[in-house]
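Asks: Sequence:
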Amino acid sequence: MRKIMTLFLIILFVFSMAGFASAEPANITEALATANDDLRAKNDNGNYFFAQNEQGKPINEGLWLKSKLFSYGNPQEASPGANDYDKNTNQYRYHGYTMNGEKYTNTFFRNDTTEIVDVNSANWIPFPWEKDNVQNFVTNTMKEPSLDPKNPFNNDPDLLESINRGFENLKDYNPYIKFERTGKQWQEYVHVLQPPTEYTFGMGRLFRLVGVQMRYLTIPLPPLSLLKTEIPDFSVSLEVDRFKNVEPGDKITSTVTYTLNPDHPQPEKAWLRLHHVVSGVEYPITLEPLEPQDTPDPDGFLTFQPGESKTYRYTFTVQDQPSKILARINPVDIDQDQDWSNNRDEAWITTDNLWVEIIDYTKEAQIGGTASVKARIHNDTGELLTTRLVWKVNGVIMKDISNYDLIGSLDDTLTFTMPGDAAIVTVEINPDRDRPSDERSYDDNRDSCTVNPLAVVIPPDKESSSLKISISAPSKVDAFKQWSYTITVTTDYPPPPPPADGEKDPPPPPTITMNMSASGQTADTSVGYQYWNNGYQKIDPVKKTDQKVFSAGWGKNPHTFKYTYPATGLWGKPVTVTIKADATSSKGQSARDSATVTINPWPIPNQELQLTY
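The sequence shown maps to residues -23 to -1, 1 to 590 in mature numbering (1 follows the signal peptide of the UniProt record, and there is no 0).
Note that these hints are calculated values from the structure, not bench results.
No experiment lies behind these values; they were computed from the predicted model shown.
Heads up, a few of these hints could be off.
[To be verified] Cross-link-like lysine-lysine pairs, in silico, PhoX-like; alpha carbons within 25 Å at most:
1. Lys458 x Lys515
2. Lys127 x Lys34
3. Lys34 x Lys120
4. Lys351 x Lys564
5. Lys340 x Lys520
6. Lys108 x Lys376
7. Lys458 x Lys550
8. Lys458 x Lys351
9. Lys550 x Lys340
10. Lys539 x Lys557
11. Lys453 x Lys351
12. Lys525 x Lys550
13. Lys550 x Lys521
14. Lys520 x Lys550
15. Lys108 x Lys120
Please build the complete structure, drawing on both the sequences and the hints.
Replies: As structure tokens, this is what we get:
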């Protein structure tokens, strides 16, 4: 089987010859000498091509002048069969013969079959020149000389690129050939019928098995001069490297410029791309050329002359989240670029805004218990910022992070002791409006919620006439002074009647267990009141607990316990201390009581004035 190419190679011949260096041979004698110079190092320092081949057939000078390939004899002699001539194209199946006497396939001859051949997956035979079944097929079926196992150009890694180009030439023209570069070492499969040189084509052949049938594929091996590709340096530059202070919904217009380096020796085709990237998804943006001739084709391809720049206008819509413009340029005809770092450019689109939202919080909390509020802090600038984050409860700073590092969105939580009244919790980012000082809006820098005190339902005490508890405490006390309170447990258990003679001793009085807790908050006096920090004061929880176990005794008895609460308070704000007490008896009775004490606000100290000179 043969897969050949026609028009593509004709075009390739014309354009490749135009790109040859000025040292291109002027006649057949110079062409043979130049070709032998190219091959001598791999041909045991001897000449490979001569004026006649090994069968004594003369070189076809006319074919060299026309197509820049070395063929011996004439097409009529090499193509004697009834199907070896196509009268519609006036082409013979073979140009003639190679230097070694094989028939030289005419790549302009029509296809013999429309079978699709996937080069990458076909069952090609490696090192075919070493295989007896291939040699038998060549000599008995093809009627050609056997493959020379000592051919110095077989299995030559230096020809791999020429082989790959030959496959690509076939694929680009012939719809029945499929091929993709995979890094496969094709020189191990291609028998070189005639080696390519600097200025002349060569020819290679592969063999494969389809069931038990042997088939072959002949490919052109392009001249080595066509493989000496200069690597381009494409670059792209966005006019604006960051879009700031824009509003969601705004339509923004800017420009992007694509360039080919000026010292590139030839025109080069490039793939131009521009996208708006939102949440990781790339949305294409239409390129509007400033010059009509710079319009890319439907695939985004466009040819650049050396040093040429092409500028395009583009328009996009600002989103409600950070996004970016991504511009890229890639070579099309070669998979290399001198400097990949300048093949892309990015421009962030940011609203320059910080904002917060409370996403979860305790709706109700028991007085003296704990409550928590969770907030999400957002940074829409698209870059890392260090700013300030402040939490307040009823106007009192509870948490202050002076250097809060923020990029994207982060969560932060405040946990605090529930006061006796409703707790208004506020979280604020960048409260000083100085980091940054140019936000789009400060209205959304703060969010708040209210945590309500939980109404505790105390179930009725069992046999409360036998067990009672009460708390005696002042309603208000001065800040940062100790104060006292008492808890009295009153028991009233009538004694049992005396036992009759011979009966056991009467049972003991009930056992009473009393639990007490007193919870509040206080400012840390070692930190003090910080005028320079928006009145910040460090607030610590204060909780005292105790348990007493004692005998109730018979009859009505008061059991009094005295406690001292430490000196606590807050600057400029009252604070509540909640006292809770409960008592249970070994007989199952229970009693509870609670009381609240207000600690008066501690006066904010006067700020000393300092003279500056």
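Asks: Please go over all the hints and tell whether each is borne out by the structure.
Replies: Each hint tested on the structure:
no. : hint            : in the structure
1   : Lys458 x Lys515 : 19 Å, holds
2   : Lys127 x Lys34  : 23 Å, holds
3   : Lys34 x Lys120  : 17 Å, holds
4   : Lys351 x Lys564 : 45 Å, violated
5   : Lys340 x Lys520 : 23 Å, holds
6   : Lys108 x Lys376 : 83 Å, violated
7   : Lys458 x Lys550 : 15 Å, holds
8   : Lys458 x Lys351 : 35 Å, violated
9   : Lys550 x Lys340 : 23 Å, holds
10  : Lys539 x Lys557 : 14 Å, holds
11  : Lys453 x Lys351 : 33 Å, violated
12  : Lys525 x Lys550 : 34 Å, violated
13  : Lys550 x Lys521 : 22 Å, holds
14  : Lys520 x Lys550 : 19 Å, holds
15  : Lys108 x Lys120 : 17 Å, holds
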